[in-house]
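Student: Read off the chains here:
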Amino acid sequence: MTVEAQKLAATGAVGVGMAAMLKDAFVAALLTFGLCFPVVLLHAESDNDGNLYLIPRPILVAVLCGLAFVGRFGLSLYQARPKVERRRVVAAPKSAVWLWLVRYASAIGLALLFIFPFAAYWMLGSAGSLKWINNYGIQILIYVMLGWGLNIVVGLAGLLDLGYVAFYAVGAYSYALLSTTFGLSFWICLPLAGILASFWGIILGFPVLRLRGDYLAIVTLAFGEIIRMILVNWVPVTGGYAGIASIPKITFFGIPFVDEDGGFAQVVLHTEYKPIHRMIFLYLLILTLALLTNFVTMRLRRLPIGRAWEALREDEIACRSLGINTRNTKLTAFALGALFGGFAGSFFAVRQGFVSPESFTFIESATILAIVVLGGMGSQIGVALAAIVMIGGTEILREMEWTKRIFGPDFDPAQYRMLIFGIGMVIMMVVRPRGIIATRMPSIFLKERKAVSADLVKEGHG
Amino acid sequence: MRWQTNPLLTVEHLTMRFGGLVAVNDLSFQAGRGDITALIGPNGAGKTTVFNCVTGFYKPTEGRLALAREGVADQAEVEALTRTPKRRAKSATCDLYLLERMPGHEIAWHARVARTFQNIRLFQGMTVLENLLVAHHNTLMMASGFTVLGVLGAPSYRAREKEAIERSKYWLDKIGLIDRADDPAGELPYGAQRRLEIARAMCTDPILLCLDEPAAGLNPRESADLNALLNSIRDAHATSILLIEHDMSVVMQISDHIIVLDYGTKIADGTPKEVRDDPKVIAAYLGVADEEVEKAEAEIGA
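Heads up: the sequence lines are chains A and B, in that order.
Note that this note's numbering gives residue 456 to position 456 of the first sequence, counting from 1, and the numbers run on in steps of one.
Note that this note's numbering gives residue 74 to position 74 of the second sequence, counting from 1, and the numbers run on in steps of one.
These are computed hints drawn from the structure, not numbers from a lab.
Some hints here could point you the wrong way.
Cross-link-like lysine-lysine pairs, in silico, PhoX-like; alpha carbons within 25 Å at most [said to hold, decoys possible]:
hint, chain 1, residue 1, chain 2, residue 2
1, B, K162, A, K450
2, B, K295, B, K280
3, B, K174, A, K447
4, A, K450, B, K295
5, A, K447, B, K280
With the rest of the complex left out, here is chain A:
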């Protein structure tokens, strides 16, 4: 076939495709109309006398249908784009500075993370930096840690766990109960909370050993709910919905952060007391805990247990034929994932000073799982990036005051979080179905470490 003929054939195919795409987009718009018809079109409003009025909103429906049409059409166009062979770019000689940056990237990143609270404090002052350290720094790091913990179970061992928040809850309540009942300090409770959570991890692990896929997901989901229902209903111990309040605050290894003699500011810093001291300490604590999670996971990946987890994700039957005890291997994955969840939970309790079952609903499990899946299963950096996007994104939405100028004073962008999140998920599924970092790095190599393409890596049985 000549070049011209090929071109002709290609345009012909596009013409046929275009009609199908338009039809597809029209169907999407029709579906949107069907969905919008009663819910959006008729808006019920009551006046002061209690009379109910139905206000039709045809323009809004038209806009939504139009958006669906354009969105679906754009998506089809994107998917049908001509595949251009990506040429292998001949690596240009990089400058010395760039090479140095790449080489020490992780060290520089770590240093920046440790400097961050001090820099924020120095630049924005005590009141201004609180938001950055607490809402962004600590909040994101908690989810990074939870994501890394769940990554052991879902990303490495390939066991879909929809009830991870249960271990977070066990950790939080362990600290809350141990400290309020027995007066134990945080530093004793932290390992205890981890051990208790991993104990529950094993308890969950046993019944689900033989389950796979959807069945495993449902049982873990139920387990998360069971733990929450116990917290709600065992009122004498957990306080039910009221939760546990006035949990002891964090201390600097025994020295409290208070505005008194013997407080941290006076004893250690010799300055006057500021609440930000405690925040900075909490930030450094969760950063250390998260880095510990990362360090242990990275180490485990290179050990036989980590390779066995990944092998289990790839093929369980082959594992058995090689003498790997799949029961113990799965249980260690559950226990270690839960351990880090428990650590994060007890940190959550000491930071909030208050725990209640409201904090441990299914949506939390879903968020953590979304972070792992979005990040790229098994990839540590990807999970961290996804946590920044998901949690940081939510925080940014709360701050978008300028949207009120466009949509009116009643507009609250944070209410659209789930909508934006859903759209984001759809876009990710189209563009990068295996997550932000979709390649697997081998744990060992002879000559050269080559990334394994995600097409070959299995996602596990569930």
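Dock chain B against chain A, hints included.
Tutor: Structure of chain B alone, referenced to chain A:
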């Protein structure tokens, strides 16, 4: 015959039923130490079921599978062990295991029976080298102090890991994949994947290697290479081989002992020459002439 004087595996009255279906019916045979024993038969004869029973993937409905890891097991010892609830008996003359009492991973780890699969089961997303290192799982797990020493980075673990890598390199060299050690196993061509699966099984240091159709899908040259590889495994590594195979050029050339199954029962057992000339085997493989069927029907009065 070696399988009678020095049997490694003694299968007695093995029966496997799935509901009403009898896949294996009262099968008894012996596999000799240092032999390549072939299990052949038409499709659906129950060969893979026998394999799954030997390697612990199925628990047999009836029967005894005695494996003498070392030494020669005499019948009295096997009987004595059977009467106890134990799985293993170690005496001065032999180290005996009853496989039907053990779960699959323990058969691989303690009784040292390794296997490959009819449809290749490699860890496709892991590199060739990683595949072989997973096979060293149990020894490395011990060396890493059940992970604790490993996390701390103990030098004793590093030394053992280096040994495992050396052993893996030896096998990679032997199957000609040393240059592809860092490539994902799923990217290898079919024949190389088959060889890698055998190498991975050999890295568990087995006493008995069970191969489920190792030559399936190989071209004649690859088949010849496979024959050489299997012969060297038997001769240089003190590993006996039990194999299922349809490719008669492989079976007849390398086997010391052939067992023929048909509809779950044994119809022949002997050296390749004896089996080839056995009329029942020929009938099972080629079918029977029409007049013989008529004769049989006349006899039973149909």
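Student: With reference to the structure, classify each hint as holding or not holding.
Tutor: These are the hints, each one checked on the structure:
1. K162(B) <-> K450(A): holds (20 Å)
2. K295(B) <-> K280(B): Since the Cα atoms of K295(B) and K280(B) sit roughly 16 Å apart, the hinted pair holds (cutoff 25 Å).
3. K174(B) <-> K447(A): holds (18 Å)
4. K450(A) <-> K295(B): Roughly 67 Å separates the two Cα atoms, so the pair is violated.
5. K447(A) <-> K280(B): The hint is violated at about 55 Å.
Of the numbered hints listed earlier, those contradicted by the structure are 4 and 5.
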